[in-house]
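J.: The lines below spell out each chain.
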Amino acid sequence: MSAASTRENRIGVVVVHGIGEQRRFEHLDGQVRALVAALAARPGVRLTVEITSAPDAQFHASQDTWLASGPVRVHVVDPDAGRCVLEFHEVWWADVNEPYSLIKQLRFWAWSLALWTYPGKFGSTRPSARARQTPSTPKGNLTLRALSIRVRLFLVAAVAVVVAASVGIISFLAERLLKIKTPRVLETFVNYLAGVKLYNQKERMGGGLPAAEQDFLDTIGEPPRVSVRRRMIRVLMQVAMASYDRWYVLAHSLGSVVAFNGLMELAYKWPGYFDQKSWAQAGALADPLVGAARAGWAAPEGWDPAPVRPVWVAAEEIAYRSRIFHNLRGVLTFGSPLEKFAALWPYRVALAMEPAFRDGTEWINVYDPMDPVSGVLRSFDQAKNYCCPRPRNVGYAAGPLLLLSHLQYLKSPRGKRKTLGDGVAEWLLTGDSAQIPGEGPGWFKPYGLQHYLRGTLAWCSWVLIVAVLLVAGAIVFPTITQALGKSVRALRVHVCEMVRPDAAADPRRCGSAPSGED
Amino acid sequence: MPQPFVLPLANHVVALLIAAAVLPVLFGVCARAFFFRRDADDARRAPQAAQARAALDAAQLSPEPEERFRQPWTAQDSATPVATGAAAEAAEPAPAPTERRAVYVGRLPDARTFGTALESRWRRFIADPRQHARYGLPRGYAPTLAPLNAALAAGATPEAVTLTVTTRAGSGEVSSAQLMQIWEQELLPGLQEQFGTEAFRRVPEER
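Just so you know, the sequences run in chain order G and X.
Residue numbering for the first sequence follows my numbering, starting at 1 and increasing by one per position.
Residue numbering for the second sequence follows my numbering, starting at 1001 and increasing by one per position.
Same shape as in the complex, but just chain G (with noise of 0.2 Å):
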């Protein structure tokens, strides 16, 4: 039997971000990456990459210009998958993040420093919560449990001011002075704490101080949250309208939070993440993704915003959830912060009780002790697999190094071991997850040995990152604030001999010492 001879499969990727700078396309093609290189790995396999670009592009561009939507087309053609084509859809959503000034980063120190404090969130009393429900905790004391992840942000906090003091100034210098990037490892520990920030504001600010709201015009006085949102929900859209004969959702970091709440939005906020003409898009297909409510249900009653429902939909109009999810295969989340938020901020990454999820869609968490990010989920499956699958957790030695190993999921580097990515191919290919875990070393169970040891390296990490800080903190902050401090003498004698012409003749009279004594 040829290949030639097979229908192609078509099967549709979402890929959703974390928090960070990140260009349009630049996770997507890291994580494409990573796939393609997965996939080539597959014995016998043959594979064709395609990038769509837009027919028009901006004059003078220096880069060309990608479809929104399906920008990256694989073609396979696998001994034991047949021929498939997997298209790739990007949720961006780094641009709903203030954008940079200095005003912003001292809001953003401030605000890490004061995290622990920051209120919870456990429930709320808008009428669409009577079909939400907040994660349930694991056995063991709530209150402790809140405390002892309060305690964690107290010293995430007392990490953030050594950091400050230390590789903080250098880093900031450079990268603001003499564009030198970021080290990716104080780039994650910063974005981790910005997405977190991000998540919990109930405005988006600008710069300049005082600092004026920055609203998206479509979100005014909603939280940027629900731009995020917003992104994700139209991609979840554009997916299920694009048929694919199964989908899967990738979601990294932060993003697994902007997925989730994707994933669990209900049917009846829907309208709210779109504009009239892409809703009635959906609606008027011949197997419609939205229209009427059942008879019966009785909608929402009363002021319910986050997002508000627009004004050209009908009372009655909702999204059919389960037809959109109709052909997702699996959720994958890795290093996802989504059980810290469950402790916290429950009700921000609470669950439908709508049922939309066919039996046998899977959601596989995968975790790194030595990723801080990341943790087993154990307060998400309370729901009925139709409202809300069950999360499969796995363990995974992504890298070797503390916070760094956060980034490396998808892009460890392949030894003898099968790696997340190759699980993923073989996933994405076969619908089969039995590769995640794969076999070899690297791969562990929640709560087993190896959990417990990387944990145990982990916190020496973190012992020794600290005390490294803190001698490197303890050179570099003395350092600079003498150089200040003699930079404001030097300024303020400068400044005295302009307005006292006398001065010049006895530089005492400004305050500065006679030469030699400085």
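Since the hints were made in silico from the structure, they are not lab data.
Don't take every hint at face value.
[Said to hold, decoys possible] Here are some chain X residues pointing at chain G (derived, C-beta under 7 Å):
1) Leu1009
2) Ala1020
3) Gly1136
4) Met1180
5) Glu1184
Being a predicted model, the structure only gives us computed values, none of them experimental.
C-beta: ideal position from N, C-alpha, C; glycine also.
On the provided structure of chain G, position chain X as indicated by the hints.
T.: Relative to the frame of chain G, chain X by itself:
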């Protein structure tokens, strides 16, 4: 400033440690007192209420008219559809489950007139670069024939001719959803103008 150690570096380390412990306390307390506020809709007791509700059958909460989530994934769903041997070469492939279909009933013209009108509309559409941009069609995408199957079936009366339009995206560069959108928004209005809107009464399909 007290200098407990002889080595200045050690004194700086201690100072930094103190700052690392004090600053978060200071900022945290001030922020909690003056800046951080609970969300206006925050409800302390909601989780308990929600957990009590969780005992209910969640399916009761579904607002959808059809419970499509009840179809489980099977091994076959993930398998690559394969046609074997001679059958693959001889038989016309059945429309893929992903293709979109729309059914209309009305006083429609004969198949030849309808086919000619459809192809003419399609050619006009595909030759228009603005439409390419509008629908994000891939560069160089220009099928000479409309990628749609239009089947006419006679009805009991001349007013009850059935037209079934099925997309023919296959593994092509344009998805079946896009093709159906083009049919509904670009081709159908022109045909309705030509043959009358009463010729195209949409029939809701049974699922």
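J.: Please verify that hint: leucine 1009(X), Cβ, nearest Cβ of chain G, below 7 Å or not.
T.: holds, 5 Å
J.: Using Cβ atoms only, decide whether alanine 1020(X) comes closer than 7 Å to chain G, and label the hint accordingly.
T.: This interface hint holds because 4 Å falls under the 7 Å limit.
J.: Hold the hint about glutamate 1184(X) up to the distance rule: shortest CB distance to chain G must be less than 7 Å.
T.: holds, 5 Å
J.: Does glycine 1136(X) meet its interface restraint, that is, does its C-beta lie within less than 7 Å of any C-beta in chain G?
T.: Holds - the Cβ of glycine 1136(X) comes within 7 Å of chain G, reaching about 6 Å at its closest.
J.: Going by Cβ atoms only, is methionine 1180(X) closer than 7 Å to chain G?
T.: holds, 6 Å
Against the hints set out earlier in the document, no violation occurs for any number.
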